[in-house]
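> Below are the chains, spelled out letter by letter.
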Amino acid sequence: MIPEIGLLFLVLAFTISSFYVCGNFFSFYRNNNFVISPKIVYLFFLSVLFSFLCLEISFLMDDFSVLYVANNSNENLPDYYKFAALWGGHEGSMLLYLLFLSLWTLIYYLKSRSGFGIFFLFVIFSLFSGFVIFTSNPFERLLPFSPEGGLDLNPLLQDFAFTIHPPTLYLGYTSLTLPFAIAMARCVDPNYKNWASDLKNWSVISWSFLTLGIALGSWWAYYELGWGGWWFWDPVENSSLIPWLIATALIHSAIATSKRNIFSKWTVLLSLGAILSSYIGLFLVRSGIVTSVHTFALDPERGLILLFIILFVLIFSLIVYSRSKLTDLSYTYGSILSREFFFLINNVFLIILAIAILFGTIYPIIYEIFSGGKDISVGKPYFDSITVPIAFFLAFFQGFGILSNWSSRLTEPKTLYVYFVILILLTVSLSVLFLNNISVSITVTNLMISGILAGLIYYAFLQIKNSRNVNLSMGFSHFGIAVMILGIGLVSSLESQKELIAFKEKPFELENYKITYLGEEKNISQNFSSDEVSFRVENLNQEFNLIAEKRYYPISKSIMTEAAIYPSIKEDLYISIGEQVEEGWVVKAQLKPFVRLIWLGALIMAFGGFLSLFRFKSS
Amino acid sequence: MLLLISIFFLSSSLEAKNIYEFSNENLEKDFIELSQEVSCPLCAGSSIAESDSDIANDLKNVIFKELKNGRTPEEIKNNLIKLYGESILFMPENKISIFILYGFPLLLIGIGIFFLFNFLKK
Amino acid sequence: MKITKYIGYFSLFLIVFIFSIFFINLFEESEVNFPKKNLPSGEIKTFEGNILDVNFLKKNEFSLLNIWATWCINCKLEHGFLMAKKTEGWDIVGLNYKDDLDKAFKWLDQYGNPYSVNLYDQDGTYGFSLGVSGAPETYLLKEDKILQKHIGIMSEKVWKDKFIPLINN
Chain X
1 MIPEIGLLFL VLAFTISSFY VCGNFFSFYR NNNFVISPKI VYLFFLSVLF SFLCLEISFL
61 MDDFSVLYVA NNSNENLPDY YKFAALWGGH EGSMLLYLLF LSLWTLIYYL KSRSGFGIFF
121 LFVIFSLFSG FVIFTSNPFE RLLPFSPEGG LDLNPLLQDF AFTIHPPTLY LGYTSLTLPF
181 AIAMARCVDP NYKNWASDLK NWSVISWSFL TLGIALGSWW AYYELGWGGW WFWDPVENSS
241 LIPWLIATAL IHSAIATSKR NIFSKWTVLL SLGAILSSYI GLFLVRSGIV TSVHTFALDP
301 ERGLILLFII LFVLIFSLIV YSRSKLTDLS YTYGSILSRE FFFLINNVFL IILAIAILFG
361 TIYPIIYEIF SGGKDISVGK PYFDSITVPI AFFLAFFQGF GILSNWSSRL TEPKTLYVYF
421 VILILLTVSL SVLFLNNISV SITVTNLMIS GILAGLIYYA FLQIKNSRNV NLSMGFSHFG
481 IAVMILGIGL VSSLESQKEL IAFKEKPFEL ENYKITYLGE EKNISQNFSS DEVSFRVENL
541 NQEFNLIAEK RYYPISKSIM TEAAIYPSIK EDLYISIGEQ VEEGWVVKAQ LKPFVRLIWL
601 GALIMAFGGF LSLFRFKSS
Chain W
620 MLLLISIFFL SSSLEAKNIY EFSNENLEKD FIELSQEVSC PLCAGSSIAE SDSDIANDLK
680 NVIFKELKNG RTPEEIKNNL IKLYGESILF MPENKISIFI LYGFPLLLIG IGIFFLFNFL
740 KK
Chain G
742 MKITKYIGYF SLFLIVFIFS IFFINLFEES EVNFPKKNLP SGEIKTFEGN ILDVNFLKKN
802 EFSLLNIWAT WCINCKLEHG FLMAKKTEGW DIVGLNYKDD LDKAFKWLDQ YGNPYSVNLY
862 DQDGTYGFSL GVSGAPETYL LKEDKILQKH IGIMSEKVWK DKFIPLINN
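Chains as they are written, first to last, in this note's numbering: chain X, 1 to 619; chain W, 620 to 741; chain G, 742 to 910.
These aren't lab readings, by the way, just hints derived from the structure by calculation.
Just so we're clear, the structure is a prediction, and the values are computed from it rather than from any experiment.
Idealized CB from N, CA, C, for every residue including glycine.
Honestly, I wouldn't trust all of these hints.
When the alpha-carbon atoms are kept at most 25 Å apart in a straight line, the in silico DMTMM-like pairs for lysine to aspartate or glutamate are as follows [stated by the list, open to error]:
#1 G/LYS778 x W/GLU640
#2 W/LYS684 x G/GLU884
#3 W/LYS701 x G/ASP794
#4 G/LYS839 x X/GLU412
#5 W/LYS648 x X/GLU511
#6 G/LYS839 x X/ASP384
Covered by chain W, per the in silico footprint, the following chain G stretches (three or more residues, Cβ under 8 Å) [to be verified]:
#7 862-872
#8 877-887
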């Protein structure tokens, strides 16, 4: 019964949103501001919530007569993984997506000043809930055959990060609908005052969740996949990076629009671009046209329907946009040193990077069509070589951009000179720190972070000196980027590894660590058995033991490597085991200096983002 | 981004066996480069150098053997392409693709810079 | 500004281009343009312990070569399809890939044997020369040529889209 009730609740939510859209479509044309009773919005959200809960109950009660539960869960899974398994496949993750969409709709309704915004949110919800109900029903039953057990959740997903990474990321994706809805609302209703600051606030929230979600994914891949990598330029990873880049541009554009009443067309179009790029990502992951470990392979028919939905949103939005009257203040293209111009540079390059990454991601598909079916890959070398130069310039302009003034109060050239002085001083001092490891990539990293830090330091100094408020939110976000760049630069330049066959009690060396394979122990857990291989690690000041695992999952018959990680800010010691041979194990030991800075940087960035909601100011 | 791989030869005081022992440094360099250029077919964009999966290790073994037998990296790459298709390599070998892949971002950057300059003209 | 207009048109063109690519790709799911390859030579063991030369795989009729293993869960899901094809009269040769022979025997006993011949590639050497990267994979063979390859679960849909067009030519 419960699955059927779940479906019913979902249909109820779909009905509410689509009736509202259809019913109000003509008032929308006549630009009347339409009201919606709060009871309806609460009912709408609660329906989706209850639908979601029904599916969760099916999971927790091991109801394998539900096809989706059978495919993604197993009675031997610990409860918290059964809970998370709901978003382990396509249908369930779409339901999670819908849950968050309805949640943001409710929150927006409670805080908003525009009825039109709700209209557009309901349009989006109707489209996607329709998609789920008609093509991707998570409540579909297997009856009359009810299997005795489930297939099992993919072992890769039986991990803590899986319980938080998708939800965080989805919170980011779904909240991107809000800037979009606000932008559309403004297009329809010129009286929507403060639309830009509303839009800015929601963009920052989305961006912060996306930052966290992406960082969680990277961290998870690092310790779970067992290979020590933290970014693979996988199509699905790229699908999350592209909306993030556009959301970053959106935030800056929205700030300019709300503060100076310019770039409003950019803001609207970027809002549209952000949500569209997230939909393209959704499509890429679920249509099966790119292969990746991340994809939910759908049949092409469903992919086609999804594509039509996205196309519909695009065309609909462009029509709304073209009928709108967005008037900006005329902008005096005065000085090159104005903040407006730096924002423009920032956005242009962010957008270019986003498009270039998208291009690289879909190039194999393009090539396949034009070459008559040949498969090629576009991987790390390409993406690294386009990202690093663009990121380099962005870091540079960031630094000075932070210092620049809006053109109402021109930036003095003097500021530029002082900035460069600080920049050079910083660069030189940092070079001294890394004297032993000087290389091209270290120098590039050095320049990038010095650029940002010089700007931040001088900015803080100037603000305090002139008794003005220091924008902590902006400060932390940009500082976070610098920390992340530092982590990326250091780990890429300084990492080292050793891959060999280790024999019992025979140590080997990696930099200043002495590592000895001690032995292994067999273990049986709820749904897997494992070999736990222990190592003694000694270095100048310490001695400790590490255990690396090889896990065997009988139901899905897969083998997972759980690396042994000894983390610290300064470096991670990362040991993973391959296969057991003769009297030893194939072992790969890696040193990852400062890799934690990457995720710490992301945390700081997100913290800065969330901080802006509290309007902290310090004087 | 350079991956510093320090694979030392057997050192007398420590006894662990290297998986891939090369008789000369050039071969070793070729091996490292090749491992980074060949992608692991079933992994999320990792090279066989980074990945630990079965197929990655199989491929590494094959490359190791072929280098030892005197085949050039070009020959090995072409052989792998024959077996797995061009998607086994991270970058397409054909010139047109490389031109388009790098040309398009350059075009975008050109447009961007042109746009920015235009913006400054009063 | 005029340039904004051109950029607008360029972006629209890009968007249209991207969507067209996606549409075409979805419609064109058939990989009929698999580059024909020759079956690589070699010798493989059978389940009974005999050593066969790969030449025996070269037949005048179409046949299938299915790569499978007991550790491969998706193989279970395509098993029904293979059994159905066997009943229809198709010749399917099984290559058990990097597996345990005892387990393989038990598996076939338990679920049914769709294969006319059972080959055992314990360390994957022959599979490697074929270009196998895992299981399941299915190859369409005729004479000494490999005409098609499918990575993943075989189903009626894959059969119709990828294999039938080649068989009918």
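> If a hint holds in the structure, say so; if it does not, say that too.
Hints and how they fare:
| no. | hint | verdict |
| --- | --- | --- |
| 1 | G/LYS778 x W/GLU640 | 34 Å, violated |
| 2 | W/LYS684 x G/GLU884 | 31 Å, violated |
| 3 | W/LYS701 x G/ASP794 | 22 Å, holds |
| 4 | G/LYS839 x X/GLU412 | 71 Å, violated |
| 5 | W/LYS648 x X/GLU511 | 20 Å, holds |
| 6 | G/LYS839 x X/ASP384 | 36 Å, violated |
| 7 | 862-872 | holds (count 5) |
| 8 | 877-887 | violated (count 0) |
Violation of the numbered hints given earlier is confined to hints 1, 2, 4, 6, 8; the remaining hints are satisfied by the structure.
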